[in-house]
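Take the sequences, apply the hints, and build the full model.
Residue numbers (this note's numbering), protein chains in the order written: chain A, 1 to 374; chain B, 1 to 301.
Be a bit skeptical, because a hint or two may be false.
[Claimed, not checked] Residues from chain B that keep clear of chain A, each with C-beta distances beyond 12 angstroms, as calculated: (1) Pro26; (2) Gly30; (3) Ile58; (4) Ala79; (5) Thr86; (6) Ala89; (7) Leu139; (8) Gly141; (9) Ala152; (10) Ser197; (11) Leu211; (12) Ser237; (13) Asn259; (14) Tyr261; (15) Ala274; (16) Ser275.
[Said to hold, decoys possible] Calculated cross-link-like contacts (lysine to any residue; reagent style SDA-like; alpha-carbon spacing at most 20 angstroms): (17) Lys100(A) / Ala152(B); (18) Lys251(A) / Asp268(A); (19) Lys112(B) / Gly188(B); (20) Lys215(B) / Gly202(B); (21) Lys251(A) / Ser135(A); (22) Lys110(A) / Gln204(B); (23) Lys112(B) / Ser67(A); (24) Lys110(A) / Arg132(A); (25) Lys108(B) / Val71(A); (26) Lys100(A) / Tyr208(B); (27) Lys110(A) / Glu193(B); (28) Lys215(B) / Phe12(A); (29) Lys110(A) / Ser135(A); (30) Lys100(A) / Glu192(B); (31) Lys215(B) / Thr90(A); (32) Lys100(A) / Arg207(B); (33) Lys63(B) / Tyr261(B); (34) Lys108(B) / Gln72(A); (35) Lys215(B) / Arg87(A); (36) Lys110(A) / Tyr208(B); (37) Lys108(B) / Asp186(B); (38) Lys100(A) / Pro212(B); (39) Lys215(B) / Asp268(A); (40) Lys112(B) / Phe12(A).
Keep in mind that the hints were calculated from the coordinates and are not lab data.
Given the structure is predicted, the values throughout are model-derived calculations rather than measurements.
Think of the CB as a built atom: it goes at the ideal place given N, C-alpha and C, for glycine as much as any other residue.
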Amino acid sequence: MDVSIRSVSKEFDGYPALHDVSLDIRSGELIALLGPSGSGKTTLLRLIAGLERPTAGAIFFGDEDASHRTVQERNVGFVFQHYALFRHMTVAENIGFGLKVRPAANRPSKREIRRRASELLDLVQLSGLEDRYPSQLSGGQRQRVALARALAIEPRVLLLDEPFGALDAQVRRELRRWLREIHDRTGHTTVFVTHDQEEALELADRVVVMSRGRIEQVGSADDVYDRPNSPFVFGFIGDSSVLPVRVENGKLWLQDRFIGIEVRDVPDGPASLYFRPHDVELLDGGGGCIAGTVTASRRVAGTRRVELEVGGARERVEIELPVDHPEAANSRISFRPRRWKLFPASGGTAALSATDDGSAGKADEAELMLAASL
Amino acid sequence: MSVDTLTGMPRPAAARPAAAHSFRRPTTEGPLAKAILITIALGFLALFLVLPLIAVFIEAFRKGAGEFLAALGEPDTLAAIRLTLTVAAIAVPLNLVFGVAAAWAIAKFEFKGKAFLTTLIDLPFSVSPVISGLVYVLLFGTGSVLGTWLKAHGIEILFAVPGIVLATVFVTFPFVARELIPLMQDQGTGDEEAALSLGASGWQTFRYVTLPNIKWGLLYGVLLCNARAMGEFGAVSVVSGHIRGLTNTMPLHVEILYNEYNFVAAFAVSTLLASLALVTLVFKSFLEYRYGDEIAATAKH
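Rendered as structure tokens:
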């Protein structure tokens with residue numbers, strides 16, 4: 001089932017939660033709504049479900065305008081962060097609930113409901129737990145039951161609100177793989193909300209990055225990581241370091257020092273240089289690089305994270321080096337980002353162009369992304 | 001012996017007392033403080049609860065079981081018992097419905113004046129029962145417009161059963177609501193949303209999800225409400241008119257008998273009221289014992 005969100009806004013008591021959001025979800029897609037808390041991702045999910053009503057705009061299920069349909073009529077499967085299992089019902093009764101409450105005309109027999117529940121329990125790999133109560137299950141098991149319950153009504157869309165948010169890291173990873181498998185097998189159009197970027201990038205076909213009630217970027221994991229279109233996305237997805245720089249005649253300056261990066265078609269003025277801490281090359285010093293004093297060096301898993309103070313204003317940046325890199329022990333390090341992206345200093349919403357492949361600067365092996373307009 | 005190790009008996013006998021003595025959990029008190037606190041609590045209970053209760057039963061049976069039964073068999077007493085049961089049978093279901101509705105509104109919805117409604121629900125607790133009764137006298141008395149109009153249409157409120165029911169409903173209406181509001185607020189709307197998203201109608205959601213979630217709180221509230229409805233004195237006394245055999249409830253009847261120096265009868269009726277309290281208590285404890293796990297699961301989960 002295609003889902004189309006058209007210019008949807010939502011206000012709560014005058015406080016805006018979503019501003020004019022549009023999004024097309026293709027049938028069978030697995031979509032992640034990713035953003036920090038307060039970004040409106042859960043609100044968007046609840047609007048699709050019909051648990052909230054949009055202040056403006058429309059939501060289409062296929063060709064049908066579902067905006068004014070009730071949550072019951074929309075036939076969506078909704079999985080809640082805290083499971084919301086009915087605690088006084090057994091697992092089988094929970095899963096069968098959606099079938100039991102159907103009008104008599106298309107309600108399956110008790111036996112059929114029970115059979116469906118067992119079938120779904122097999123699907124979520126909890127066979128044989130029909131007669132347990134939710135309180136007798138672990139968190140991961142409960143969430144599987146919640147998913148089975150949502151699938152039982154043969155939903156047109158499956159919506160999951162931070163489904164793994166209340167689970168510990170180990171179980172999260174396990175369930176992530178498992179959810180992907182279930183999705184591949186059942187083919188439901190699925191939207192899930194998460195604030196965990198790893199989860200979103202690993203699981204989803206497309207990631208919708210949201211911030212402050214707006215969609216910042218929609219794209220594959222590669223798109224949002226390699227080609228972020230705003231400072232927010234760059235900062236939110238993956239690690240990032242920022243330096244305030246100045247553009248002068250197509251060259252980037254950090255205070256009084258040319259840092260060896262040249263850009264084209266960028267007006268003079270202040271700008272922010274974004275790069276990934278691990279995507280840097282170390283240099284011997286001299287001109288055309290960023291040089292800094294090491295203030296801290298921490299071992300993080302497979303790499304060493306080095307914090308540098310750069311330039312007269314002592315801007316702090318982080319870079320990552322291989323653990324056994326000889327330079328890591330030095331007190332001064334010079335480097336240049338291999339890939340980077342320049343945003344106007346206002347950090348703003350100006351339109352930003354993507355790739356410019358090449359001739360700018362010495363870092364010609366790198367894919368350069370620059371801001372075209374300020 | 002291996003049994004000793006299994007039961008946790010100390011192997012080096014000298015080591016344990018020293019260890020036990022040197023460490024006390026920070027949140028526990030010393031033995032002296034413990035003893036004092038327990039004595040105060042138990043002493044208070046004995047003096048103010050157990051002793052009067054025993055006194056009631058002793059007084060009732062002072063002249064033997066025959067006299068006791070005869071006192072209960074009096075037509076006026078039977079009428080009082082009947083009236084009390086009738087009033088409770090009307091007031092408790094009314095407050096059950098009202099309590100669930102009020103708790104539902106307060107716990108599940110956001111609306112203007114919610115804080116005010118919460119305060120209003122508590123009003124009968126903070127107002128003296130005599131005032132609660134007096135309100136109805138002013139409202140339905142012969143001097144009032146409403147009272148005159150009703151009188152003209154042959155409807156008696158004051159000094160009749162309807163007045164007693166109204167006063168009882170007023171005094172007991174916070175019990176169910178107060179029990180349910182914190183419970184329902186704590187449970188939130190997640191389960192209801194889940195049920196609705198699965199296609200359940202509003203009524204099905206209430207019947208299959210909300211009601212089972214609150215049933216223990218509801219039962220508890222009803223028990224308290226019932227105990228109070230049968231035992232209410234002040235408000236009922238103001239509106240009843242104390243007509244023997246007609247508008248006398250059990251508590252009022254106790255007072256009349258007592259004032260007539262008919263101690264055996266007074267205490268006999270009192271034993272019934274006291275028994276009601278005991279039965280309520282036992283019933284509640286039994287429920288907690290029998291369904292304790294489920295109650296705990298419902299409360300926490």
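Right, here's what the structure says about each hint:
Consistency note on Pro26(B): stated as away from chain A, and its beta-carbon is indeed over 12 angstroms from all of that chain's, at 29 angstroms minimum. At the 12 angstroms boundary, the C-beta of Gly30(B) stays outside the reach of chain A, the nearest C-beta of that chain being 38 angstroms off. Chain A leaves Ile58(B) outside its interface by the beta-carbon criterion, the shortest separation being 45 angstroms against a cut-off of 12 angstroms. Taking the minimum C-beta to C-beta distance to chain A, about 43 angstroms, the non-interface status of Ala79(B) holds against the 12 angstroms cut.
Distance check on Thr86(B): its Cβ is at least 34 angstroms (rounded) from any Cβ of chain A, clearing the 12 angstroms threshold; non-interface status holds. Every CB of chain A lies more than 12 angstroms from the CB of Ala89(B), the least distance being 29 angstroms, so the non-interface label holds. Non-interface status of Leu139(B) relative to chain A is upheld: no Cβ of that chain comes within 12 angstroms, the nearest being about 38 angstroms off. The beta carbon of Gly141(B) sits about 45 angstroms from the closest Cβ of chain A, which is more than 12 angstroms, so the claim that it is off the interface holds.
The non-interface label for Ala152(B) is consistent with chain A: the shortest C-beta to C-beta separation is roughly 49 angstroms, beyond 12 angstroms. Chain A draws Ser197(B) into its interface by the beta-carbon criterion, the shortest separation being 4 angstroms against a cut-off of 12 angstroms. Non-interface status of Leu211(B) relative to chain A is broken: a Cβ of that chain comes within 12 angstroms, the nearest being about 10 angstroms off. Chain A leaves Ser237(B) outside its interface by the beta-carbon criterion, the shortest separation being 43 angstroms against a cut-off of 12 angstroms.
Against chain A, the non-interface label of Asn259(B) holds: every CB pair exceeds 12 angstroms, the least being about 51 angstroms. No Cβ of chain A comes within 12 angstroms of the Cβ of Tyr261(B); the nearest lies about 55 angstroms off, and the non-interface call holds. At the 12 angstroms boundary, the C-beta of Ala274(B) stays outside the reach of chain A, the nearest C-beta of that chain being 35 angstroms off. No beta-carbon of chain A comes within 12 angstroms of the beta-carbon of Ser275(B); the shortest separation is about 33 angstroms.
With a C-alpha separation of about 54 angstroms, the suggested pairing of Lys100(A) with Ala152(B) is violated against the 20 angstroms cut-off. Proposed proximity of Lys251(A) and Asp268(A) is supported: the alpha carbons are some 9 angstroms apart, at most 20 angstroms. Distance hint between Lys112(B) and Gly188(B) is fulfilled; the C-alpha atoms sit about 19 angstroms from each other, no more than 20 angstroms. At roughly 18 angstroms between alpha-carbon atoms, Lys215(B) and Gly202(B) fall within 20 angstroms of each other, so this suggested pair holds.
About 63 angstroms separates the Cα atoms of Lys251(A) and Ser135(A), which puts this hinted pair outside 20 angstroms; it is violated. The suggested pairing of Lys110(A) with Gln204(B) holds, with an alpha-carbon distance near 17 angstroms, which does not exceed 20 angstroms. Under the criterion of a C-alpha separation no larger than 20 angstroms, the hint pairing Lys112(B) with Ser67(A) is inconsistent with the structure, at around 27 angstroms. Our distance criterion of 20 angstroms between C-alpha atoms is met by Lys110(A) and Arg132(A), whose separation comes to about 18 angstroms.
Between Lys108(B) and Val71(A), the direct Cα distance comes to roughly 17 angstroms. Compliance with the 20 angstroms bound is thereby established for this hinted pair. Taking the CA atoms of Lys100(A) and Tyr208(B), the gap is about 10 angstroms. The hint holds against a cut of 20 angstroms. At roughly 24 angstroms between alpha-carbon atoms, Lys110(A) and Glu193(B) are farther apart than 20 angstroms, so this suggested pair is violated. Taking the CA atoms of Lys215(B) and Phe12(A), the gap is about 33 angstroms. The hint is violated against a cut of 20 angstroms.
This hinted pair does not check out: Lys110(A) and Ser135(A) have alpha carbons roughly 24 angstroms apart, beyond 20 angstroms. Of the pairs offered as hints, the one joining Lys100(A) and Glu192(B) holds, with about 16 angstroms between alpha carbons and a cut-off of 20 angstroms not exceeded. The straight-line distance between the Cα atoms of Lys215(B) and Thr90(A) is roughly 17 angstroms, inside the 20 angstroms bound, and the hint therefore holds. Distance check on the hinted pair: Lys100(A) and Arg207(B) sit about 13 angstroms apart at the alpha-carbon level, within 20 angstroms; holds.
Using a Cα cut-off of 20 angstroms, the hinted pair Lys63(B) and Tyr261(B) holds, with the two alpha carbons roughly 14 angstroms apart. The straight-line distance between the Cα atoms of Lys108(B) and Gln72(A) is roughly 19 angstroms, inside the 20 angstroms bound, and the hint therefore holds. About 13 angstroms separates the Cα atoms of Lys215(B) and Arg87(A), which keeps this hinted pair within 20 angstroms; it holds. Annotation: proposed proximity of Lys110(A) to Tyr208(B) holds, straight-line Cα distance about 16 angstroms (limit 20 angstroms).
Proximity of Lys108(B) to Asp186(B) is assessed by CA-CA distance (about 10 angstroms); at most 20 angstroms being required, the pair is judged to hold. In summary, the hint linking Lys100(A) to Pro212(B) is supported, as the alpha carbons are separated by about 16 angstroms, within the 20 angstroms threshold. For the hint linking Lys215(B) to Asp268(A), the alpha-carbon distance of about 71 angstroms lies beyond 20 angstroms, and the restraint is violated. Between the alpha carbons of Lys112(B) and Phe12(A) the distance comes to roughly 14 angstroms, so the proposed pair stays at or under 20 angstroms and holds.
In this structure, the hints that do not hold are numbers 10, 11, 17, 21, 23, 27, 28, 29, 39, in rising order.
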